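Colleague: From the two separate chains plus the hints, produce the assembled complex.
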Amino acid sequence: MKKILYLLQALLLLSACTEAVNDARQEATQPQIYPDYLGVTIPANIAPLGFGMADEEASLVDAVIADSHGHALHSQSKEAVCFDVDDWHALLGQNRGDSLMVTVSAKYADGWHTYRPFALYVSPDSIDYGICYRLIEPGYEVWSKMGIYERDLSSFDERPLIENTQFEGCVNCHSFNRGNPTDMSLHIRGAHGATLLRRNGELTAYNTSTNQTLGLCVYPYWHPSGRYIAYSTNTTNQIFHSADRNRIEVFDAASDLQVYDVETNELLLTPCLKQDSVYETYPVFSADGRSLYFCAARALPEGSLQLDSIRYNLCRIDFDPATGTFGSRIDTIIYAEAQRQSVSFPRPSYDGRFLCYTLSDYGQFSIWHHEADLYLLDLNTGESRPMVEANSDDTDSFHNWSSNSRWLVFSSRRDDGLYTRPYFCHVDTDGRVSKAFMLPQQNPRRFYRDRFLSFNVPDFITGPTLFDSYTASRLINDSYRKDFGVRQ
Amino acid sequence: MKTFHTLGSLLFGVAILLFFGLAYPHHLHYQEQFQLFLFDSAYVWDVIKLPGGVADLLGRFCTQFFLFAWVGALILALLFVAVQLLTARLASWGRLYGLCYIPAGLLWLFMLDENALLGGIWALLLSLLVAWGFDCLGEGRVRNILLVVVTPVLYWAVGPIGVVFLLLQAPRSYRLAWFYVALVIGILLPGVLSHYLPVRPESLWQGIHYHRYPGQLPGLLWLAAVSVPLLVFVARLLHRWANASSRLLVPILSFLLVAIGMGLLVKQNSNFKAEKTMQYDFMARHQQWNRILETIRVEKPNNQIGVTVQNLALAMRGQLVNNLTNYHQNGLLGLLPEVQRDATSPLPTAEAFYQLGMIYVAQRTVFEAQEAILDFQKSARCYKRLAQTNLITGSYPVARKYLLSLQKTLFYRDWANETLTLLGDEEAIAKHPEYGRLRKMAFADDFYFGDYITPDMLQSLYLSNPDNQLAYQYMLASFVLTGDRDRFVQFTSPDR
Numbered sequence: 001m002k003k004i005l006y007l008l009q010a011l012l013l014l015s016a017c018t019e020a021v022n023d024a025r026q027e028a029t030q031p032q033i034y035p036d037y038l039g040v041t042i043p044a045n046i047a048p049l050g051f052g053m054a055d056e057e058a059s060l061v062d063a064v065i066a067d068s069h070g071h072a073l074h075s076q077s078k079e080a081v082c083f084d085v086d087d088w089h090a091l092l093g094q095n096r097g098d099s100l101m102v103t104v105s106a107k108y109a110d111g112w113h114t115y116r117p118f119a120l121y122v123s124p125d126s127i128d129y130g131i132c133y134r135l136i137e138p139g140y141e142v143w144s145k146m147g148i149y150e151r152d153l154s155s156f157d158e159r160p161l162i163e164n165t166q167f168e169g170c171v172n173c174h175s176f177n178r179g180n181p182t183d184m185s186l187h188i189r190g191a192h193g194a195t196l197l198r199r200n201g202e203l204t205a206y207n208t209s210t211n212q213t214l215g216l217c218v219y220p221y222w223h224p225s226g227r228y229i230a231y232s233t234n235t236t237n238q239i240f241h242s243a244d245r246n247r248i249e250v251f252d253a254a255s256d257l258q259v260y261d262v263e264t265n266e267l268l269l270t271p272c273l274k275q276d277s278v279y280e281t282y283p284v285f286s287a288d289g290r291s292l293y294f295c296a297a298r299a300l301p302e303g304s305l306q307l308d309s310i311r312y313n314l315c316r317i318d319f320d321p322a323t324g325t326f327g328s329r330i331d332t333i334i335y336a337e338a339q340r341q342s343v344s345f346p347r348p349s350y351d352g353r354f355l356c357y358t359l360s361d362y363g364q365f366s367i368w369h370h371e372a373d374l375y376l377l378d379l380n381t382g383e384s385r386p387m388v389e390a391n392s393d394d395t396d397s398f399h400n401w402s403s404n405s406r407w408l409v410f411s412s413r414r415d416d417g418l419y420t421r422p423y424f425c426h427v428d429t430d431g432r433v434s435k436a437f438m439l440p441q442q443n444p445r446r447f448y449r450d451r452f453l454s455f456n457v458p459d460f461i462t463g464p465t466l467f468d469s470y471t472a473s474r475l476i477n478d479s480y481r482k483d484f485g486v487r488q
Numbered sequence: 001m002k003t004f005h006t007l008g009s010l011l012f013g014v015a016i017l018l019f020f021g022l023a024y025p026h027h028l029h030y031q032e033q034f035q036l037f038l039f040d041s042a043y044v045w046d047v048i049k050l051p052g053g054v055a056d057l058l059g060r061f062c063t064q065f066f067l068f069a070w071v072g073a074l075i076l077a078l079l080f081v082a083v084q085l086l087t088a089r090l091a092s093w094g095r096l097y098g099l100c101y102i103p104a105g106l107l108w109l110f111m112l113d114e115n116a117l118l119g120g121i122w123a124l125l126l127s128l129l130v131a132w133g134f135d136c137l138g139e140g141r142v143r144n145i146l147l148v149v150v151t152p153v154l155y156w157a158v159g160p161i162g163v164v165f166l167l168l169q170a171p172r173s174y175r176l177a178w179f180y181v182a183l184v185i186g187i188l189l190p191g192v193l194s195h196y197l198p199v200r201p202e203s204l205w206q207g208i209h210y211h212r213y214p215g216q217l218p219g220l221l222w223l224a225a226v227s228v229p230l231l232v233f234v235a236r237l238l239h240r241w242a243n244a245s246s247r248l249l250v251p252i253l254s255f256l257l258v259a260i261g262m263g264l265l266v267k268q269n270s271n272f273k274a275e276k277t278m279q280y281d282f283m284a285r286h287q288q289w290n291r292i293l294e295t296i297r298v299e300k301p302n303n304q305i306g307v308t309v310q311n312l313a314l315a316m317r318g319q320l321v322n323n324l325t326n327y328h329q330n331g332l333l334g335l336l337p338e339v340q341r342d343a344t345s346p347l348p349t350a351e352a353f354y355q356l357g358m359i360y361v362a363q364r365t366v367f368e369a370q371e372a373i374l375d376f377q378k379s380a381r382c383y384k385r386l387a388q389t390n391l392i393t394g395s396y397p398v399a400r401k402y403l404l405s406l407q408k409t410l411f412y413r414d415w416a417n418e419t420l421t422l423l424g425d426e427e428a429i430a431k432h433p434e435y436g437r438l439r440k441m442a443f444a445d446d447f448y449f450g451d452y453i454t455p456d457m458l459q460s461l462y463l464s465n466p467d468n469q470l471a472y473q474y475m476l477a478s479f480v481l482t483g484d485r486d487r488f489v490q491f492t493s494p495d496r
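First to last, the protein sequences are chains A and B.
According to the working numbering, the residues represented by the first sequence are 1 to 488, in order.
According to the working numbering, the residues represented by the second sequence are 1 to 496, in order.
For the record, the hints were derived by calculation from the structure and aren't laboratory data.
Predicted model, so just to flag it, every value in this text is computed and none were measured.
Nothing false has been slipped in among the hints.
Pairs of lysine-lysine, DSS-like flavour, derived with a Cα cap of 27 Å: (1) A:K107 x B:K408; (2) A:K78 x B:K408; (3) B:K300 x B:K267; (4) A:K78 x A:K107; (5) B:K408 x A:K145; (6) B:K49 x A:K145; (7) B:K300 x B:K273; (8) B:K408 x B:K49.
Now the in silico label distances, taken between C-beta atoms and shown as ranges: (9) A:D483 x B:V184: 37 to 45 Å; (10) A:Q488 x B:V184: 55 to 63 Å; (11) A:R487 x B:G215: 36 to 44 Å; (12) A:P224 x B:D414: 56 to 64 Å; (13) B:L333 x A:Y108: 53 to 61 Å; (14) A:S277 x B:D451: 27 to 35 Å; (15) B:V226 x A:R487: 55 to 63 Å; (16) A:G201 x B:V184: 27 to 35 Å; (17) B:Q216 x A:S277: 47 to 55 Å; (18) A:E202 x B:K276: 52 to 60 Å; (19) B:T3 x A:E158: 55 to 63 Å; (20) B:N323 x A:Q306: 34 to 42 Å.
Even for Gly, the Cβ is constructed at its ideal location relative to N, Cα and C.
The following block holds chain B by itself, in its conformation from the complex (with noise of 0.2 Å):
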């Protein structure tokens, strides 16, 4: 029986690693871009200073290894095994072994939303944990006492999803009382920290930062949570039955209709078009032109961020022109799309605008979509971007403050350091691969902005330097893509 509950565990872990690993590894590097975990003080303080910021910070510092989607796909299967690993000891589940995957394949399901935060897994898990705790302790005073002190220190750690280990002791040989303080400490929390705490009132009861949208009840995360008391109790009362036998038929069937229903949800709720969006942005994000190349000739993209980095792609490669009516367009939009308010699809278009050399509307852009970010974190991605903008336009005050954050960083420490080193270094810039040819790229005359770019734009960029063959591309493409026939013959005709 042993073997075959390690073998069960061992089993659902690698089914995660190798579907997060394999079929959704860009959901991971999304999360990763959202989020700036610092190793500073300042920083850790300002999370944990409210309910669930144990969790939160426990969830934030486990995605920034999400930059490597293998390692992401690592830390999730070893967080659901747990929670699953935890849930089969709270009870004997013998014939209904395959139960105590439900709680970790419903957090499953919830880490398919790429909204959905690490905070929640961590905060049923360190609820587990010390539910676990509370049954390797002797009955007693201690006990009881522990009990009134643990409800509001687990509620501060974890948040609301704390009440998952006051549901698990309710059956408990606690004497009714001590069981009643803490339930009644319990529900008079949240109302009383309304009073105090500057979050809205229901966060307190559904989680602070449990999802990346403020408002939203994460549902998948509290039917986890609640199903594992529930579980628990249909356990217990079918104890005698459950347990009846030794024989492994049962279980290893009750085990694999889990994994069939997982699996099957799993599949029906994965977003695999968002996965391939996601996709596009993190080649953009990383500059591998011959691999989108690669990946729009086997499908092409269709929706805005796929073109736009489709586009920029052949672009960078100096196909733009020539391809142009070979892949799907959105006129004009498809090319630069107009910036719109959210923090997701700013971020190819920015990257477009940066390296056609338009460095205070990349900068924008990226400024922008880092504001827009629901959960109001900072973004590692939009910090460096941020300080190369600001280095390239001679900003560098500004360049040297996001350095020095992303100093604080695991992975973008050594990359700030090489980089604070340019800072006022004109000579080093100008030779610099990237920075020096993006300060000869930019516009030489001023002139006002708003959201979207106009054939005008792309032709004054392109006259400001006739050396910037990407926006030679861009406003050859924008020509035809509008129909401006007159302009696109004047700029290709030979004797130009």
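Chain A with its partners taken away, still in its complex shape (with noise of 0.2 Å):
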């Protein structure tokens, strides 16, 4: 009896809360929703999409989300109707592989406008754990506050791995091996520079320059065994647009590729590798890890700043994980300059069937070149395409996929041309690929309006990361690093 009276007087709480969609005007268009969710396709084990209508000038927003058995949610709010974590989760989970329809209603001046309703798509396929990126402003050379950062995909909590504020630099390139947290790669840089290494849990601080590379290893990628990390070092430069909508240029003067050994702490080298001639770059390993891809472009003579005229290649080079040693010959997988164009960040997925890459005019660090987009690389036939469904037409770049290789999370300009946010599509196994949909907040106009920073390099992760900030830092502030060895 009690629990009816509780009921009844929560019913009677929210019923006053709500206002009656009445003598709505029918539309026959689907609303404009911030952000648009109209037809996406999203895991069960997402969190709740919030949303409000894109224009801001609706009063009220109504939404009702209803499946094929009679299940229904309702959310209204003034700015972004957003469901109870739990029952979206349960609504989302018994309709897997199913539909829902959504049916918007706003309220504006002139009373309810209620609209063609639109579907999600619930994949069987889920999501992973969570999201793990660094948060930034979109700036030049100088940074403020910073950190990496880790977000629960099933909800909204958001947890600091660690800050700037907790040493004098900055903190770059995480990176997980298959997202499996305990395997994790973390570069400190300025004062106290370091690359942090996770293995096991346990955190050790190394200076990954030694005399023999070019200089401090740079990005990074695990090898599915965990035994070794594939790094390029760069000879890093920026320069800046004085009359362009690409502020900054990012570039190369020269770069090589190495791989780590984690087990002997030596860098393997090669000189197929480490030509003078070519920048290679963006080193990842294949799904069986048996080869290196990576992206090489002809250097440019000493001085030059014809930037516009570096252009990668996707190449690939044999790598034998049990003696760690590579093939000699480097094969091309993608002729990009042929095209005039540039192939950056190369992840292949995770079961071998595709490599996702980022195209653009010039250069490696598409981040900053709005004419960015996603291609899909099929490595069974060897036909590559642009991933439409997902690009926009702003940036669309750096990506990885989720461990069951059936997500990316890619970044995104779109919103508005500057700050990159997450995004994810669905890529089946025939590599059809669902239009894209932005990280859910529970007001997320207010969220990504109010949040000054960059979703930098996001990764899935298939669990909590729980990184040990204080040792991290402690380790980051103390004067020893061991050193990297090298094996030739």
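Modeller: Rendered as structure tokens:
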């Protein structure tokens, strides 16, 4: 009896807070909402998709989300509707592989308008526990507060792993082995520069610079065995446009590749990947760990600033994980140079079916190129195509696969042309790509409007990182660094 | 005696008011431009979620008024007098009356540093207020329990300066056990919190946000804080002698002694050279070109910021080329200095870039300056300029983002509201006296730039739009300063 009374009380309270959608004008069109979630495919374990009207003029937004079995959720709010997390997961869990219909009504000065319902497709494929990213102002050379953060994708919880308020410097290039947070690589730059490696939960600070390599290790990628990490080493420069929408050019004046053997503490080098006449960068292991994909471009003459002539192709070299040795032949997988295009950020899916990469007009730092788009290479057929379903008119770049290879997270500037935000799309076993959806927030407009930070290098994690930031900052602030050895 | 005390406090307050209002106003402007106080719950939470956050928030709230130097000076006067009055109430000073001005005087010295933050002043003030409140409490268990409860709460509210409160309780009639419990809490708290908070462990001992330099121990602030219990201890020790007579002579003498000492210290430690530099930056920020010309006529600037501002003002009034050699120069770097990685020096340079129509360059310079603010705050001045540069370049969603943020401020709200109406309105922007003009003056051709501007870039800017008289003057000035006679003649010959 008491329970019923409580329930009635709660219902009364709820009904007092919501307004009935009466005498609504029925619109023939679907609603324009922010973020655009119309017709997107979502995993059953994603956080509730909060949204508002795109025009910001509605005084109330009302949404009913219903399945074909008669279950429904209702939400009404002034700015953004958002559903209870548990109810949402229950509804999505019951509709894996099915679709939900969302009916949106909005109250304007002339009364309520009800729009044609739109669908949300609930994929049978789950998404990983969360994503990890760096939050930083999209700036030039100087940095302010920044940090590495993790976000639980099934809720709205965001936690810092480490922030640069704990030491002097900047932090970048976090990397996990297929999303497994126990294997982690993280760079610290500045006065307390180091590379932090976490293996089986234990952290060590390394000096990755050796006298036989160009400099510090830069872009990392873990071998599926967890024994190796491929790194590039880059002499990176920045220069700025005086009158161009692309504000910044980040380019290499030299770059090589190397593989770090975690067990022997040695960098494995090969002359094939250390050519002075070639810029090699963005190394990634194939799903079976027997190949190393990377981007390579012809080097510019010293001092040249013909940056728009630097075009990277996608290349591959054999790698033997048993001996840690490289093949002697480099294959060109995508000859982008021929189309006056440039490949960056290759990422093979972990099931070995696809390789997703970014294509831009030139250079390798496509995140600052508004024309950059995502492409999908079918590793069985060798065919490559733009991911038009996920791409936008603005920058669509840095991306990573979920551990089941069915979801991609990528950075896009489509929202305002400057701040990168994480978007997700589904890729099925045949390479069909779904429309991308933005990382859900309870009140997305307020959240993304008030946050003056870009989501950098988003990567999936299969569980909470449980990163010990106290120990990490102690290691960073300490002067001790373990040196990398070298094996030629 | 009471009248003398009131008069003393009043004199002290007026001295502070006049000092900061007349002699040090641009230090206050400098402080204001390196923060962005938002009337927004997320912003408030962000500040108060760390130890010392309440004091920090109050400091930031007050600092936004520094936009108006006299209001800022008044706030400082009130805060310092409040510290003095609270110090005065903590003991019976008698003949030692002058000593109760020392903590507030030390705070004055602390605030001479442009990177000293008002949060530190509030931290001490709140600690003294709580200590005074405890003095008003009767003895007994409630007070004992409160001591243990207030110690960690005060630490969270004001940071480690809160230890002053604990020190002031030391000689009081607590049961020792309670006092030791509070002391242990006070000592252990920073160590424990260092495992959980994303800050440097040492900052939990010295204060997270008392000073703009994150790693710097604000020595004068700590001296002011520790001096309170120390002086109170001395006053209590000498209580009998200090209060043996009700004559005013000795208290007045002690007051005068401290006043003269403090006055000398303030004079010695004031940085009027920096004040002058800040004045140039202030005048450039507010586009007071005539005032700049009047100022440089009285005293020719000889530092980088002064020379940059002087040249900009001369150019804005069409006098740069003719007067170039009448003033100190520093080659091309005096015209448009190399962009440094600090928060201060790039701002006047960015003003010149902006006025010249080099909008992307100005945007980068302002953005970098803001990123270089040492305590990771944002700047209302920079937000305003970034909104303008994005508006001029047509990046309306980004301009809007800055403007919506400025809408949450006290003094930039009206401007933000006004500017929001321009977004996307091409016609209104074209007609706008500033934005319309600057849009037309932009570079026609894109090129790469780094940290310094060359005569070729200025020539390209001028050739992009020969109506850009500012670019013309800067270009000619650059030819003069680099000794490029040929090009100077080429662009000044009557038949060009």
